[in-house]
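**Student:** If you want the building blocks of each chain, they are given just below.
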Amino acid sequence: MNMQKRPDKQGLYDPAFEHDACGVGFVGDIKGRASHSIVEQARTVLINMTHRGAVGSEKNTGDGAGILTALPHAFLEKIMKRDFEVELPPRGQYAAGIVFLPKDFRERSTCKRIFENVVAEEGQRFLGWRPVPRDDRMIGPSAKAAEPNMEQAFIAATVEDPDDFDRKLFVIRKQASKRIRGESFDSKSLFYIASLSTRVLVYKGMLMPEQLFEYFTDLSDPDYETHVAMVHSRFSTNTFPSWDRAQPLRYMSHNGEINTLQGNVNKMYAREGTLESDRFGKDLQRAFPIIEPDSSDSGNFDNTLELLLLSGRELPEAVMMMVPEAWQKHRRMSEARRNVYEYMSCSMEPWDGPASISFTDGKVMGALLDRNGLRPSRYYVTDDDMVIMASEVGVLDIPPEKVRRKGRLRPGRMFLVDFEEGRIVDDDELKDSIAKKHPYGEWLEREGIRLEELPAAGEVDGRDEETVKERFRMFGYTEEHLNILLKPMAEEAKEPLGSMGNDAPLAILSQRPRLTYEYFKQLFAQVTNPPIDSIREDIIMSLSAYIGPQRNLLETTAAHCRRLKIDHPILTNEELARIRELDYRGWRSKVVDATYPVDDEDEDLQVALRRISKETEAAISEGYSLVVLSDRNAGPRRIPISALLAVGGVHHYLVRRAKRTQIGIVLETGEPREVHHFSALFAFGADAVNPYLAFEAMWHLRDEGAISAEVDEDHIVENYRKAIAKGMRKVFGKMGISTIDSYKGAQIFEIVGLAPNVVERCFAGTASRIAGAGFDVLDQEARERHRMAYPGRNIPIGYDSYNPGDYQWRTGGERHMWEPEAIASLQRAVRTDDAAMYRKFAEIENRRDKDQATIRGLLKFRTGDPIPIEQVEPAEEIMKRFATGAMSFGSISAEAHETLAVAMNRIGGKSNTGEGGERRERYKPLENGDSKRSAIKQIASGRFGATIEYLTESNEIQIKMAQGAKPGEGGELPGRKVFDVIADTRYSTPGVGLISPPPHHDIYSIEDLAQLIFDLKNANPTSRVSVKLVSEVGVGTIAAGVSKGHADHILISGQDGGTGASPLTGIKYAGVPWELGLAETHQTLVMNNLRSRVVVQTDGQIKTGRDVAIAALLGAEETGLATGPLISMGCIMMRVCHKNTCPVGVATQDAELRKKFMGKPEHVINYLRFVAEELREIMAELGFRTWKEMVGRVDMLEPDESVLHWKSQTIDLSNVLAPAVRGKGNTGVICCIPQEHGVDTVLDRRLISLAEAAMTTGEPVREDLDIHNTDRATGTMLSHEITRRLGFATLPDDLIHFKFSGSAGQSFGAWLAKGVALELEGDANDYVGKGLSGGMIAVYPPKGAGFVAEENIVIGNVALYGAISGKAFFRGQAAERFCVRNSGAHVVVEGVGDHGLEYMTGGRVVILGPTGRNFAAGMSGGIGYVWDPKDGLEALYNPELVELEQIDEEDEATILALVREHSELTGSTVASHVLSTWDERRAEFVRVISPKFRDVLQQTKTTRTPEAVHG
Amino acid sequence: MGKPTGFMEYKRVPGPEREERERTADFKEFHLHLDEHERQIQGARCMDCGVPFCQSDYGCPVDNLIPEWNDLVYRGHWDEAFRRLMKTNNFPEYTGRVCPAPCEHACVLAINEPAVTIKDNEAHIIDRAYDAGLMEPHPPETRTGKRVAIVGSGPAGLAAADQLNKAGHSVTVFERDDRIGGLLMYGIPNMKLSKELVERRNRLMADEGVEFRTGVWVGRDRDPEELVSTYDAVLLACGATSPRDLPVPGRELQGVHFAMEFLKANTKTLLDGRPNEAYIDAAGKDVIVIGGGDTGADCIGTAVRHGAKSIRNFELLPKPPAERDESMPWPTFAKVYKFDYSHAETAVVQGEDPRVYSVMTKKFLGNDGVEGVRTVQVKWEKAPGERPKPVEVPGTEQDWPADLVLLSMGFLGPEQQLPDTMALEKDARSNIAAEFEKHATSRENVFAAGDARRGQSLVVWAIKEGRTAAREIDRALMGSTVLT
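Taken in sequence, the protein lines are chains H and U.
Going by our numbering, the residue at position 296 of the first sequence is 296; the numbering climbs one at a time, nothing skipped.
Residues are numbered in our numbering as their position in the second sequence, beginning at 1, plus a constant of 1511.
Hints may contain errors.
PhoX-like, lysine-lysine: derived pairs with alpha carbons at most 20 Å apart [said to hold, decoys possible]:
no., chain 1, residue 1, chain 2, residue 2
1, U, K1949, H, K1155
2, H, K178, H, K112
3, H, K850, U, K1949
4, H, K1156, U, K1522
5, H, K722, H, K487
6, H, K1155, H, K977
7, H, K144, H, K188
8, H, K850, H, K329
9, U, K1949, U, K1937
According to the in silico footprint, chain H covers these stretches of chain U (three or more CB under 8 Å from chain H) [stated by the list, open to error]:
no., stretch
10, 1529-1537
11, 1583-1594
12, 1642-1653
13, 1677-1691
14, 1866-1873
15, 1949-1956
Since the hints were made in silico from the structure, they are not lab data.
Given the structure is predicted, the values throughout are model-derived calculations rather than measurements.
Quick reminder that beta carbons are idealized off the backbone N, C-alpha and C, glycines included.
Please work from the sequences and hints to get the whole structure.
**Tutor:** Put into structure tokens, the structure is as follows:
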């Protein structure tokens, strides 16, 4: 493979999926004094964050590093004069920038000539080129192979105003890039302008942090002086050449992801139609497209930011506009500030996603976090006016007495240094000044239009009960839609739950007509980006939005907010009627008929789509503000255009013509009914939707008595809108998106089974990798539904209840892989060890006809060179590669869970605990030699029962990033299901509900995952660490990142895997089949030369030897099976796991039902042996002796044309079957090289030897040591060692005591075992004390610190996440998400950031200081004691689960004891103040507790303290 | 749907029946209905399975939407339950009484608990619908102008007629007997399936426009070729009425009859209100019924009502086990020892169960009239790879007194005359050859369904066949179909 440039799309790999994350930092002199030492300090900062970046398969090739400084005028002046005899104009009158150029001399000359020409055309004076001095001796071969030539360009201004000059430079850059990329020579893509500015200069490349400063020798010149330096170290998910993708960009560095990118980019294209700027004048057109093709999300962000900036906005204002705070539900935000945000929302949607953005134009330097604060950013301000900010603290040694302030960035808040004014500008001051620029509130009041102020409509289209059943059929309504989906939404305002996996065919494989939505699969965040808990973190979510025409983005006028505000995107019939009849303050709407005739050959689906697009376009020129695409005319003579095709078609038509922002699109449609449908409609451009038939359906159900008559018609609509809204927020949350404004048009879907021309026309930019149905097929599907609706015949009774059985199996309905015959045959086979019966089962599953449900069903084996079966490795070897799925004890019964474990241990495979811990008794082998210990210990977001012992008792630790049945979603175990033994295993309280958050709160990005892998490797160095991903587009790239993060093992789960409970939307519509994900993963890992470092496993409805064979050929070394083993133990696919009523005792905790369990380990073993034997037969046939030989041999597979039907014949599997492209040299295609985890030299190795005496003789150990931010997971390996040697919780408290000085790295004291105490004088980064397993941690500032401890931050984000027991004391404040999911730790802290005590289930937390927003969200157990003298908590806490109460005597004792300990250990002055004035303070303490927990506490008080059992 | 915990809270309550002594005094139905509320509770036991085996191939042949209507029963939505039931089953009042209910054998609850009372629930739904006036005639609003002839008015022919009529075709049913219904009319005795129900149904169909021609024996009274040329399609649903004989010495003796002769004459007498020359009276006789199936049981029940002196029932097979064993795991049909209505009755009336297992009839004894039956005991032996075979046990011969012997050993297939006349292809078992779910015979526009196509089977299978044949005929006539 040619590694000189980034590979283009090949196979399933697409460079567009690349993700990155990073460490960012900057150093600045507030007073604007330039010095070379700032460059030196920036260097230290960067190098100390090396662990946040990544290297690929070569140790000396980094993912990218860079530095942005002020333009070093003196240095450049000197150099240019000395070396080129060029006299530079004075500062500000010339620009310089590094240009990446081709290595080939002729090509390089061409580039330079074009560049010079453009400069001349734009009327500026080209001064000359300077080859950038570089020393490339240390860089790795891949980096070297792709290394561009670099020259610095110098341009002198011919215009006076420096801002005008910057605009000219902008146009020059755009023009030059556009022209050169349009040229035909080979390495044109190497051309890239890193920066071109009068104020700043960027040096960057595909380098490692320490290489950056050696490579660019300029940076070492003592004359190179700057007052500001921003550095960036990149962690990319792949290893491909990325010189240009290194950061900083021209004005900013970005750490995070833009989830809504596709929508933002499309809207930016669309806006070009209305962009105008006095400042640019005609130049603006030459700068189009604003968004540069082939750049990263950060690049696109930078492009837009730059435009806003150059067209006259201040940098902070532009950033505010693109990354607004969560203003909608912010109760304490000032009116003025809310107004400016609301005003901005009329012109620009948020660029949403986790982000830490640092920016500078040389005049100011600033940084901010996304609205939810999902990236860390810490800063110091010193007494000599220096400011240092970075992703971590401790990256630069600053003597404690010099530190004036230690802070962190907070969600949505901006940190800004104004160099011209020489001061830090406070967030409030800054935003208030921006808010005062214009009378935004007045403008909104005067110009904004609210839906409710529109005149009421004369006539509202309501119900037509006569024809409703016909229309049900026309729009594809089934009995299941009515009863399973709509009924619960109407009655309970909630989306229904389901369980087990999806075993029905993909839409494109189904022979019956499917709705367009069913070809779409929701994307979700995993690893590179956290999903959001849309319920518990509702404060950041919003569904209200302005719709209708937008004006010129580059102006600020009152008219910009003349838009229609709708609070709920689902419109009632009444609201829709108002819009249809709209004629108000110059606003009018046009109704466009989105139906087409049944029997007119001249207007088919495609023609109709064109017609509605053109009619909408015409509406714009006719001055309409809104278009209503309506399918109300559908009926006997007219077919509805699928609303999704209609909206996508019109939206993209208008985007292509740069007109989309000039009109709002409203849908009046009978088609959508469930959450997924609406999510798709908004994702592809709808502004509002009126689902009239869904309303009618529920009213109809009410008339029929299916829905309780107590819920009246309006109430039904309200409940339904609530349920849909909640579900949609969940869908947004899965991808980490918070507002409908940014979700709209963001296309967060992958298409499975639509033809390229359909995608191009209606859904452009959406991933669609196996082609599929064209317009003809979609038309045919619509016609078939129409024929069913209007057969023109007499119909028999019952014809109108249509139930093809999508959710539950129905005879003659949709195919399900787990059909009765299959289940019955398998159970017979395993119970009587009957191979013939297994064969019958396998024949059903593997059958080769047109009724295929899966992608693998479309494949067949090529003819190989058969070998005798005796030569194939035995089943015993094969079975070692099998694992069972992650099913928690809690979702399945103890009997079922233990049977699986015993079975897998007998055959050397692996069973999986699932989330929820494991009973300790199971670690002891049984007398007969069996073991109930699960080899795989899962680490999920709830961290239930994840103690140091649990991790120590593992052979594999599986980090569950997502689950096939509900990727991107959390989970909830309601209190009634938390039985004693479950609570005991999970270290929680019986009867108190438990919540698993959607994200792991210690994984918001790829480098966080690398950190967790590192932590777990410390927690058990002999266990392999696995990362479980779910198949979706781009999963291969994520897997590459995971491999670079040093995982030993990657599991690619299919979307169809099982679950104990999930909303039905998740089960059906999120994620894609494993075949796609596995093939993409294998291809991408091989291309990146990373495949050799990881074992790849796949799972998701794998049932037979044939399935396993295909998995191996597509690249898997191991497979997981879950439903098959469950069926073998007696499961009969009731799909009621979530109801606790499993009638065969498999998925229930009910004592009576559990007695009915009849599974035996032998059954599971028989099944797996049958699978292995079937596999052996296939292997013999294909000529493979071992599984190893099969891995990745896609050449042995080909499409099976005999099984294709009218729909499936449109599929193209060539990308799935594309061979993996090997890189240069010896690329392994199977795991053969162990990862280097870097745990051999950790500080803990020393701690272990120091603690030897304590472990062997029980003597106390006391030591003082230094610590640095690069010392991560301190205390963890020691805890493992203690547990491994002595067992869990056997040492007396404080037996081993280490006192550290300095800044501790991440995960300080993670899983710290009982008996160990860590004392830290200094400060610490994120994840302090996570998983705390009985140890003690105390952190306090250095004795001579020049700041007030309690006003400053002492530890980072997400401290004590999943802590089990133990104590912690922090003198100073903690950052965001303190004590998330604490199970039992007792803690004192002097202030916390947002989301404190979230999801807490146990423990006691005393907070002697401020709390942030959303305090105690989802907190079901434990108690928080907040010292709240100013009664601020009332406005900050989340009242969903907890109440604020006065403390009682028992509380008082608890608080006093903890505060005394805090005072003694940390010397806290706050503590001593509280103690000494306790009589006055007492009344100022508030108890935060969930009433449910309080009740349980009361009940058990006489017997035991709930958490005390675990000591 | 349903009540998730219903199966844990409620016990199975089988449908009540009239007391044995009382009911054997007449030929009225022995079924009674549960109180409506009690029936709803039985509906609540349905678990709303993700994979409802009750409607799988192991379960209900007509694919009754069992979980759906069980739920509707539970919620008391009887009218909708009725519509959902009628969607798949034309004659639930028949299957709700006479079906051996494979659905209940395949019921998921039956893995470890007594099954849901699916059959009784079905009967309740339809009976209630009649009572509520829902079974009024609804003739099709439009007619297609296509004409279909159906030969045979058993459940297959009637189901097809009903379906085709509802689809708007004009249907004529030809029946050689004097009454419409085939086995429903003359095969199943009145106490099990009241003929009032059959006649009520036949009237309803006639009112909806189905034309019935009784007393017309196609192939004898009427040339089948004429039907083929006159009608757009012809469906042969003439049953598998050739009984299996027992060619042992003495077979020719008087008093040895095929079961159907006995049952038909009995019902005809009952309906006509006067005896006919074929009537066979079991009163005061020693009756031996050979063959242990449903027909055998009906013979026993009829003989009991006649006032037989003694009744014995011989079965060649061994006594089935009391519970499922490895040979018949759930969800297959459990051939376990069961107590049918007439066994219960005989046990009460004559004090012992009439059934004798593992006996083979060697000879009928007697001169003109039969006086006894000689049997021998058999044991079943199985060679590997072969089907089990009965082997006589030496020295176990036994003579039984008998003056009426009824042969109920099943049917061999359709009578051959009609298919032969029409020159239709046949399968290896002498049935009319036509593919299941397609029903087309070797002749164009001639279809076959029911026992005539598949051989002796259940009423519910006949309904299924009639429906699918109707669907295929509709498709053939119209190019597409509205039938399922």
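**Student:** Evaluate each hint against the coordinates.
**Tutor:** For each hint, the structure was consulted:
1. K1949/U x K1155/H: violated (46 Å)
2. K178/H x K112/H: The given pair, whose Cα atoms are some 14 Å apart, holds under the 20 Å limit.
3. K850/H x K1949/U: holds (18 Å)
4. K1156/H x K1522/U: holds (16 Å)
5. K722/H x K487/H: holds (13 Å)
6. K1155/H x K977/H: holds (18 Å)
7. K144/H x K188/H: OK: K144/H and K188/H at ~17 Å, within 20 Å.
8. K850/H x K329/H: violated (52 Å)
9. K1949/U x K1937/U: holds (15 Å)
10. 1529-1537: violated (count 0)
11. 1583-1594: holds (count 4)
12. 1642-1653: Since 4 is at least three, the answer is holds.
13. 1677-1691: Per the Cβ count (3), the hint holds.
14. 1866-1873: violated (count 0)
15. 1949-1956: Result for this restraint: violated, n = 0.
Going down the numbered hints, you'll see the structure goes against 1, 8, 10, 14, 15, while the others check out.
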